Amino acid sequence: MKKYHAAILGGGFIGKVHTYAYRNLAFYSQPVPLDVEIKYVVNSRQETAEAAARLAGGAIPQTDWHVVLDDPEIDIVNICLPNHLHLEVLKAAIAAGKHIYCEKPVVLNAAEAAEVMPLLETYRGVSHVVFHSRFFASVMQAKQMIDDGKLGKILEFRGCYLQNSHVNPNRPMRWKNLKASGGGALMDIGSHLIELTDWLAGPLVEAAAFASSPVPEDTERAEDSMAMIWRAQNGAVGTLQASKVAHGTENDMTLEIYGTLGAIRFDIQAPHFLEYFDGSKSTSPWGGEAGWTRIAVGNRYPAPDTDFPATKSGIGWVRAHATSLAHFLRNVAAGANVDGSPDLRRGLEIQMLMEKCRG
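Note that my numbering has the sequence shown beginning at 634, numbered continuously upward.
Keep in mind that the hints were calculated from the coordinates and are not lab data. Just so it is clear, the structure is predicted and the values come from calculations on it, not from any experiment. Glycine residues also receive a C-beta, built at the ideal position from the N, C-alpha and C atoms. Check the hints yourself; a few may be wrong.
Stated by the list, open to error - Each computed DSS-like pair below joins lysine-lysine, with the alpha-carbon atoms no more than 30 Å apart:
hint, residue 1, residue 2
1, Lys724, Lys914
2, Lys809, Lys989
3, Lys635, Lys724
4, Lys635, Lys649
5, Lys649, Lys914
6, Lys945, Lys989
7, Lys783, Lys649
8, Lys649, Lys786
9, Lys786, Lys776
10, Lys724, Lys649
11, Lys724, Lys636
12, Lys776, Lys945
13, Lys636, Lys649
14, Lys786, Lys636
15, Lys649, Lys809
16, Lys786, Lys635
17, Lys812, Lys635
18, Lys809, Lys724
19, Lys776, Lys914
20, Lys724, Lys812
21, Lys989, Lys776
22, Lys636, Lys809
23, Lys783, Lys945
Stated by the list, open to error - Ranges between beta-carbon positions, derived for each pair:
hint, residue 1, residue 2, range
24, Glu789, Ser845, 16 to 26 Å
25, Leu753, Glu853, 28 to 38 Å
26, Thr926, Gln866, 27 to 37 Å
27, Gln679, Ala943, 20 to 30 Å
28, Gly691, Ala747, 16 to 26 Å
29, Met985, Ser677, 41 to 51 Å
30, Ala943, Met634, 25 to 35 Å
31, Thr887, Val700, 40 to 50 Å
32, Glu850, Gly690, 44 to 54 Å
33, Gly690, Gly868, 50 to 60 Å
34, Thr696, Arg791, 40 to 50 Å
35, Asp697, Gly912, 49 to 59 Å
36, Glu850, Val700, 36 to 46 Å
37, Ala841, Pro918, 41 to 51 Å
Using the sequences provided together with the hints, build the complete structure.
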């Protein structure tokens, strides 16, 4: 098997998640799609690059991403940088013909998306945008049930992605708080919720949105909460909310989808289960057999994904990242996006949906 060489651009939190997925993929996918070695880890400071490189198994620490893209041995580029740094790196990686595994959002806005879109016409690499929420087994089960007509015609939906990280208005500002850096609830967590809803209940076509912040007088600060009303192409309507000022939450994403024949509910904090309501069940007498069924999906992934650590074991957030990476690498091995994974074009589509929420 050919050895592929990858570079992790950005050695912070999400870069560590990508590193973990590479180094442990054999537990989650049998056979491993590709033999990949992490050759570089890039970070802005040498000492943090060195620390991240050690986690990657002795990769080369680097502070200049240009050096990495100029290396002909690099096949795969993982873009884990702050949002405002994506565009230049992305254009260079496309021009160099590298396979690209990119964190969301792909770019900052519609203008940057317009720069990238025409580059994809001649791009021959395989790309993947890390909307990893769709790679929980329970979400994959939900998609199959919807495609099989279990819900009938989709009528409405409700979704929330709630965190508490920006509750304190005096918390030191980071790039995720700033408009100029591509921060804010919409770009960070709202992108996941919009992509998932569009994939399962959409496509989404029209939105009205309202943004808020506990410090409205700070014009440099991005929104901390975004409430959205969406209409889908099929006529379904629903509400989505992304908030970083929700006291009592941690990383709480829920999505409910209701149709003419049934409904489903997903909770990212309890991804072992998918809830399903079969509207064909009788409610008589005494409720009949109607009611919500809690399907224990757990780690029951179809081959070649594995059921590690066990089908009945509670599933973790990082598992979906590992499965997301496995799908990307299988597509790299195939030389094309053969399974419909979210690629750069999909990422730019979601970018344009987010633009609808900016008024």
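Now the hints, each set against the structure:
no., hint, in the structure
1, Lys724 with Lys914, "violated, 53 Å"
2, Lys809 with Lys989, "holds, 20 Å"
3, Lys635 with Lys724, "holds, 26 Å"
4, Lys635 with Lys649, "holds, 25 Å"
5, Lys649 with Lys914, "violated, 46 Å"
6, Lys945 with Lys989, "violated, 41 Å"
7, Lys783 with Lys649, "violated, 38 Å"
8, Lys649 with Lys786, "violated, 41 Å"
9, Lys786 with Lys776, "holds, 14 Å"
10, Lys724 with Lys649, "holds, 23 Å"
11, Lys724 with Lys636, "holds, 25 Å"
12, Lys776 with Lys945, "holds, 21 Å"
13, Lys636 with Lys649, "holds, 21 Å"
14, Lys786 with Lys636, "violated, 46 Å"
15, Lys649 with Lys809, "holds, 18 Å"
16, Lys786 with Lys635, "violated, 46 Å"
17, Lys812 with Lys635, "violated, 43 Å"
18, Lys809 with Lys724, "holds, 22 Å"
19, Lys776 with Lys914, "holds, 21 Å"
20, Lys724 with Lys812, "holds, 22 Å"
21, Lys989 with Lys776, "holds, 25 Å"
22, Lys636 with Lys809, "violated, 36 Å"
23, Lys783 with Lys945, "holds, 25 Å"
24, Glu789 with Ser845: 16 to 26 Å, "holds, 24 Å"
25, Leu753 with Glu853: 28 to 38 Å, "holds, 32 Å"
26, Thr926 with Gln866: 27 to 37 Å, "holds, 29 Å"
27, Gln679 with Ala943: 20 to 30 Å, "violated, 42 Å"
28, Gly691 with Ala747: 16 to 26 Å, "violated, 40 Å"
29, Met985 with Ser677: 41 to 51 Å, "violated, 30 Å"
30, Ala943 with Met634: 25 to 35 Å, "holds, 28 Å"
31, Thr887 with Val700: 40 to 50 Å, "holds, 43 Å"
32, Glu850 with Gly690: 44 to 54 Å, "holds, 48 Å"
33, Gly690 with Gly868: 50 to 60 Å, "holds, 51 Å"
34, Thr696 with Arg791: 40 to 50 Å, "holds, 45 Å"
35, Asp697 with Gly912: 49 to 59 Å, "holds, 58 Å"
36, Glu850 with Val700: 36 to 46 Å, "holds, 43 Å"
37, Ala841 with Pro918: 41 to 51 Å, "holds, 44 Å"
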